[in-house]
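Protein chains in written order, with our numbering: chain A, 1 to 305; chain B, 1 to 455; chain C, 1 to 292.
These are computed hints drawn from the structure, not numbers from a lab. Among the clues, some could well be false.
Lysine to any residue pairs mimicking SDA-like chemistry, simulated, CA-CA at most 25 angstroms apart [as the list claims (entries may be wrong)]:
1. C:Lys291 to B:Ala202
2. A:Lys101 to C:Leu68
3. A:Lys197 to B:Val60
Here the structure is a predicted model, which is why all the values come from computation and not from measurement.
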Amino acid sequence: MEKKSRRNFMKALGVSIGAAGVMGSSTILSSCSRVETTSGDTIKLLTSSGELVEVQKSALKPADMPTLTENQKRGREGLPGRKWVMVIDLSKCRNARQCMKACQNHHQLRPEQHHINVLQMQDADHTAPYYMPKPCQHCDNPPCTKVCPVNATFKREDGIVLIDNERCIGCRFCIAACPYSARVFNWFEPRDAEKYKGVVYNIEANVPQKKGTISKCLFSADRLRDGKLPSCVSACPNGVYWFGDQNEDAVTNGTTHETTSFSKIIEENAGYTLMEELGTKPRVYYLPPKDRAFPFQGTIEENHS
Amino acid sequence: MEKIKSPEESRKLLDKITFDLTRSIVKRDELTNFWYFLLIMFALVGLWGWGIQIRDGLGVSGMRDYVSWGMYIANFVFFVAVSLIGFLISSTLHLLKINWSKPISRVAEQVAIAAVALAGIIIINDMGRPDRFLNVFLHGRFASPIIWDVTVVITYLAISVLLFYLPLIPDLALLRDKSPDDIPKWKMKIYKVLALGWKGNAEQYKLVYHAMRVLMILIIPVGLSIHTVTSWLFAATLRSGWDTTIFGPYFVAGAFVAGVAAVIIVMYIYRVRYGLKDYFQDYHFNMMGKLFVFVCLVYLYFNINEFWVPGYKMKTAESIHLTNLFTGKYAGLFWSAQLFGLILPILLMVNRFFRKPVPITIISVFVLIASWFKRYLIVIPTLEHPFLPVQNVPANFQHYTPTSIEIMITLFSFMAAFLVVTVLAKMFPVITIWEYAEEKGIDREIISEPKNQTP
Amino acid sequence: MMRKIYLLLTLALFVAKQGMSQEWLVPDDQKNIKNPSGYTLENVKAGKNLYLVNCKSCHGDPGKHNGLPLVPPPPDLISDLMQNNTDGELFYKISHGRGGMPQFEKTISVDDRWRLINFIRNFNKANRPLLVEAPPKKAKLLASVNEVEKRVEVFAEVEDKNGAYIKLPDTEVKISAKKAFGNIPIGDILTNADGRGEYVIPETLIGDENGLVNIVVELGEGFITDKVVLDAAKVGQPKPTPKLIRKQVLWSTNDNVQTWLLLSYLGAVGAAWLAIGYVIFQIFKIWKLGKE
Chain A
1 MEKKSRRNFM KALGVSIGAA GVMGSSTILS SCSRVETTSG DTIKLLTSSG ELVEVQKSAL
61 KPADMPTLTE NQKRGREGLP GRKWVMVIDL SKCRNARQCM KACQNHHQLR PEQHHINVLQ
121 MQDADHTAPY YMPKPCQHCD NPPCTKVCPV NATFKREDGI VLIDNERCIG CRFCIAACPY
181 SARVFNWFEP RDAEKYKGVV YNIEANVPQK KGTISKCLFS ADRLRDGKLP SCVSACPNGV
241 YWFGDQNEDA VTNGTTHETT SFSKIIEENA GYTLMEELGT KPRVYYLPPK DRAFPFQGTI
301 EENHS
Chain B
1 MEKIKSPEES RKLLDKITFD LTRSIVKRDE LTNFWYFLLI MFALVGLWGW GIQIRDGLGV
61 SGMRDYVSWG MYIANFVFFV AVSLIGFLIS STLHLLKINW SKPISRVAEQ VAIAAVALAG
121 IIIINDMGRP DRFLNVFLHG RFASPIIWDV TVVITYLAIS VLLFYLPLIP DLALLRDKSP
181 DDIPKWKMKI YKVLALGWKG NAEQYKLVYH AMRVLMILII PVGLSIHTVT SWLFAATLRS
241 GWDTTIFGPY FVAGAFVAGV AAVIIVMYIY RVRYGLKDYF QDYHFNMMGK LFVFVCLVYL
301 YFNINEFWVP GYKMKTAESI HLTNLFTGKY AGLFWSAQLF GLILPILLMV NRFFRKPVPI
361 TIISVFVLIA SWFKRYLIVI PTLEHPFLPV QNVPANFQHY TPTSIEIMIT LFSFMAAFLV
421 VTVLAKMFPV ITIWEYAEEK GIDREIISEP KNQTP
Chain C
1 MMRKIYLLLT LALFVAKQGM SQEWLVPDDQ KNIKNPSGYT LENVKAGKNL YLVNCKSCHG
61 DPGKHNGLPL VPPPPDLISD LMQNNTDGEL FYKISHGRGG MPQFEKTISV DDRWRLINFI
121 RNFNKANRPL LVEAPPKKAK LLASVNEVEK RVEVFAEVED KNGAYIKLPD TEVKISAKKA
181 FGNIPIGDIL TNADGRGEYV IPETLIGDEN GLVNIVVELG EGFITDKVVL DAAKVGQPKP
241 TPKLIRKQVL WSTNDNVQTW LLLSYLGAVG AAWLAIGYVI FQIFKIWKLG KE
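If we strip away everything but chain A, and leave its shape as in the complex, we get (with noise of 0.2 angstroms):
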């Protein structure tokens, strides 16, 4: 228990609570963000973590809730004064693939869609195998947005590399260009797209997801409003990910909900990023797999590079 209330606490929420107890978890409820009316006293609302519930209307009364223009412009704009960065202890990691599995939950992925990807990596004929967990690396000199012919992939100055599939023409170039391999498209129609039909769109989750157009990893940009952390930081079972904003210096484990120096994780644990050399600056830091907490245990395939 506090005694005092946060200072600037996040206000952003899309409906707060009128009556307690409808839905049993208010919890669920105060994180809604996206409202979207159908019939009678139903309303249909979609909770930060990608679940759509029905709830009676007169339960909620809308505050703040933002329309499609406003959701995009604020969605471009980003958090002010924050400069997101994320840690991935690769000694921690061993493919339980809860991150995965959270991520697709959150952002209605398709099995085959990756907004981040669990990769069984070796770099060399004869070093060690691990497994490495293979978000979008929100680049500080982003390939991806240099290339967009329509402003529709853009970098925020919270550091987050954003989509607005509103606007985005399905051009692909931006998957030419990321090293990565972060960006997924969407090919057919996207998954429940009939059960998502008429939810106003989110550039902070990229959802409902657009039929021909660009998805990828945003940090859980909507979560991160809310003051929440990234839905594949929070799933983790074995405290791989440390994220928070490197302008305060610190890192909060999802697991263990440990806050540590950013600054003095890496250092302790010579944390490094991927390909580098690239000159891509990414904001996702690796720290090396070194005594490892699980042995590696899968196979490493050809296709390789």
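Based on these hints, arrange chains B and C on the given structure of chain A.
Structure of chains B and C alone, referenced to chain A:
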């Protein structure tokens, strides 16, 4: 220019030239109808495939998240390449005061217009959201090579159309004034409108020459840009196989090879079909053959650079790409394309015999097909091997195989290009009559005089 | 739908096979190794500290059955599932791990692993617990921040047997600072005989854009009390917010387009279309001449 002939001779000769060169406009037999039928059928089948693609999404193609550019982009690059011939023949050779290429100019422009128009259509077909095409203009981002490409394709198309139209004006007037009687009425009406009341006076000729000169100079930077910018779509990325500095000139050189082949094929078809033996002579094929060898040699030089330099070093990612081309999955295609599209043509066409119309046309067909596959080899193998391993995805994400819909739509693009060329040939003379007549020593005044005005 | 069910089923089976149904067998020669370190208070305490750092995040607080909801669930220390293991079995399992359980062979030394086992045995019914967790006492914590001298002043009281509050001496007070997603520990202090303590805030502490820090002060385990949050204390360095998107940069949107690039593009396109326009004008002139 041959020596000035007497008016009598001139009129007779001009009549013959006009008769010969309007044969394509007049001729309409079973074969013509069948050809139209074939083109339209294929075009319709392709459009049907496109319809399916729009309904179900781009996933009906073989492209997936890793190989996200496939046959469409290869085909786009091919068409842009072919279109570049307009700039080589009707501008560069003219400015260099090379005369033999004059009768070929219009063929080159026909090919250029058809190819660049189709390139534009194919690229829309490759978009995930063709309905948002206007975003390119509404939200165009100036730093993106795609915007440059769109701009330059449109500009090139405009210049090519003008370069086709300007020398056509005196011809249209000539057809309006003294065409054979068997030209359909509706075509005559079109000629009358498009001839812009041409009188053939000195000022008008001066204007045509002046405007042509402006265009010929303008098309040089635009023509170079169109293919250089297209090469940047690849060279601007970090991927091995694309990340190279010579891609611009490499593409331009390759484009001339494909374009010369296309023009030779069209020339041969006109020569046989429209009885133009005296116009597209063995001499022209011979000269085109020499030009062909020359552009092939330039292209060979760039090929050696493009593959030898990284092949000597074999950096990790490059070596995977190159091994794949040299001895791997794409070895058959790669070596056939190099052999039939470049090395054999050079070796053969050095001999005079192979520069005769029939052998050179056969060689051109091979080169054109090889050029198409060359583009395929530029686009796809690179994408199959990204820097990070391809994992946790279905097998069809790892390797690209074109689907029947892609092949249908690609066939449609070929047929549509043929259709454009055919319509242009059926509408307008395939050689500039007045220019040709002047070459033969016929006076301008005789060219401009009305039909039955015999003194 | 069927496919989904099938997938779920396979997944469940797979998980079950990995963990639950199959017994975790330990080689016989490992099974009967005796714990070389003694069951002493010192060892148990050391074990506890190791537990808090390495194990608690999954296994939870001993006796509270609040481990992470994994499959299979990490057992509580007091459970039979845990205590029925021999020392050798525990040592083997801690060292090698399986499924969700990490291997600590490389990260915890052999001696420490045995100390950890001593801590686990503290909860064995057959043993006399050495480390007795006293029932938590009610406490009061007051804290204030001196912004000028950059100090946190703490005063702690504890409820005595009679329900009155008396000062709490020699007790650890933890100080942390709020960050985006959690509190970062910045220091510990001990209260003095008067129940008072003082913490000097390090110069390097980073606050928000204005150097404001939310400081959290809390008592260690064994006390029932609220955390004290000192809101917006001006004691930190202003958080640096270097600009990421410079005015003109190639990878940004049109708003930040480079002037030279824009001018080159517009210049080239403008020149080309001007020339095209000029040619069209010539055509217009030809048409006009034709009308005369």
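Pair hint Lys197 (chain A) and Val60 (chain B), alpha-carbon separation not exceeding 25 angstroms: holds (22 angstroms)
Holds or violated: Lys291 (chain C) to Ala202 (chain B), with C-alpha atoms at most 25 angstroms apart: Given pair Lys291 (chain C), Ala202 (chain B) holds - Cα atoms ~15 angstroms apart, limit 25 angstroms.
Given hint Leu68 (chain C) paired with Lys101 (chain A) - CA-CA distance at most 25 angstroms: holds (17 angstroms)
Taken one by one, the earlier hints all hold for this structure without exception.
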